[in-house]
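As given, the protein sequences belong to chains Y and C, one line each in that order. When you number the first sequence by this note's numbering, it's gap-free, plus one each residue, and the end is 269. When you number the second sequence by this note's numbering, it's gap-free, plus one each residue, and the end is 206.
Where hints are given, some of them may not hold.
Under 8 Å between C-beta atoms, here's a sample of chain C residues computed to sit facing chain Y [unchecked claim]:
1) A33
2) H40
3) C59
4) M91
5) K99
6) F105
7) S135
8) F170
9) H182
FYI, nobody ran anything at the bench for these hints, they're computed from the structure. Just so we're clear, the structure is a prediction, and the values are computed from it rather than from any experiment. Cβ coordinates follow ideal geometry from the N, Cα and C atoms, glycine included.
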Amino acid sequence: MRALAATVGAVALVFCASVPAQDKDVTQREIERYRELLAEGNPADLAEAKGEELWKTKRGPKQASLERCDLGLGAGVVKGAYARLPRWFADTDRVQDLESRLVTCMVTLQGFTEDEAKKNPFSAPGRGSPIEDIATYVAGASKGMKFAPPLEHPKELEAFRTGEELFYRRAGPHDFSCATCHGDNGKRIRLQDLPKLTDPKEAQKVFTTWPAYRVSQGSVRTMQHRLYDCYWQMRHPQLDYVSEASIDLQVFMAKYASGGTVEAPGLKR
Amino acid sequence: MRSAALFVACAALVAGCTTPPPENDARREAQAAFERSFTHGNKEMFARVVGQDDVQALCSRYRNRPPADVAERIQKSQAATIVYPADGKLMGDWRQGEKIAEDGFGLRFTDTNQPNRPNGGNCYACHQLAPHEVSYGTLGPSLYRFGRTRGSGEAIQRYVYGKVYNSEAFTACSGMPRFGLHQVLTPEQIRHVVALLLDPESPVNK
């Protein structure tokens, strides 16, 4: 039965009645085995390949590729760029994360309107999302590198302080904040481990693994989606794609994740 | 009001307080950023999160670790909100309580398409309860065999009903939602949850 649970995966694991409830070690071991099994192959590789193709493809009203996009290390430099995001950009005078920067490049280089660039941020069954694939490609190009976004510019420091307030901001019918789930070590929601995101040891492990293929959703998900999904669960309305709050929160979390190694694209439940 | 809170914060720091922390600016900026970041969603839901009540504001400000006097103030004000059923009946049906404990439905922006479906309590997301459910969270304490050592008398029924209704009355800045105060669960549903925890026949107490 245990072997079966491991093969069939998450669903079998969750409903596997033979795991004694009191034996936390057994439950934990099954979760570890499931993770190991997943790590053998990552469907996100496909999104990464599609993203690279899209990066080089002439698209939009200006029929231009993104190959001149400045992700912070100079026009066209993809390798290592994700390891230095989010950061302040002189041309927009804003702190930007990967996805908001891609929106900027789609507007300036390819001639899309901002609304067009932000229109389809997350894939759904039968409907791909170019920006999701491109984000996966760009993040993957920093794989194995040290995660070290700058936190020096006054606007970066301001974004950090705002992000910190937002992280602890409790609201809504359930009184939830980010810290409700991510404020303590060693907690779980159902069977899912919850990282304490202000603990560098834990933040370094998880923050740098997005975008990731999420088995439970059957698709690649970006950091923007992760935050949107958290606010959904927090009983908040829909978080605007590449909104200020979404970027400020990333600046806050990125500080604790600094020093980790980029392991994108990741693979998750 | 704000300076009073600040004074309390400073007093709590034994090391003393020379300059006011820049947190007030940060909070104002965070509120503004928040309001600019939820512009396309459900307007009614936005109205429920854009402001904060006293408990939410204080617990945010103190990072869920309020100084003793603030904690006492919160608990006192929240205890006054608890409304016990007029008929005095606090125990319902543990079988229905179990369903409520398993169900995470309700109040998310995708849940609006089923207006007649009751909300769940999703107790298992954070607590261990009946032993047959292995998919339980650990954000809250284990409640397995909660009623075994405590019995099912009126005093403990009132405690559990009150705790589910408004957890902040007992532990200031608890992570647990105020299910009754915010009408996430109905009084009838809370009674079922009380039974799940206290009924000797409930699997929680087997």
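How the hints compare with the structure:
{"no.": "1", "hint": "A33", "result": "4 Å, holds"}
{"no.": "2", "hint": "H40", "result": "6 Å, holds"}
{"no.": "3", "hint": "C59", "result": "5 Å, holds"}
{"no.": "4", "hint": "M91", "result": "24 Å, violated"}
{"no.": "5", "hint": "K99", "result": "16 Å, violated"}
{"no.": "6", "hint": "F105", "result": "12 Å, violated"}
{"no.": "7", "hint": "S135", "result": "5 Å, holds"}
{"no.": "8", "hint": "F170", "result": "14 Å, violated"}
{"no.": "9", "hint": "H182", "result": "4 Å, holds"}
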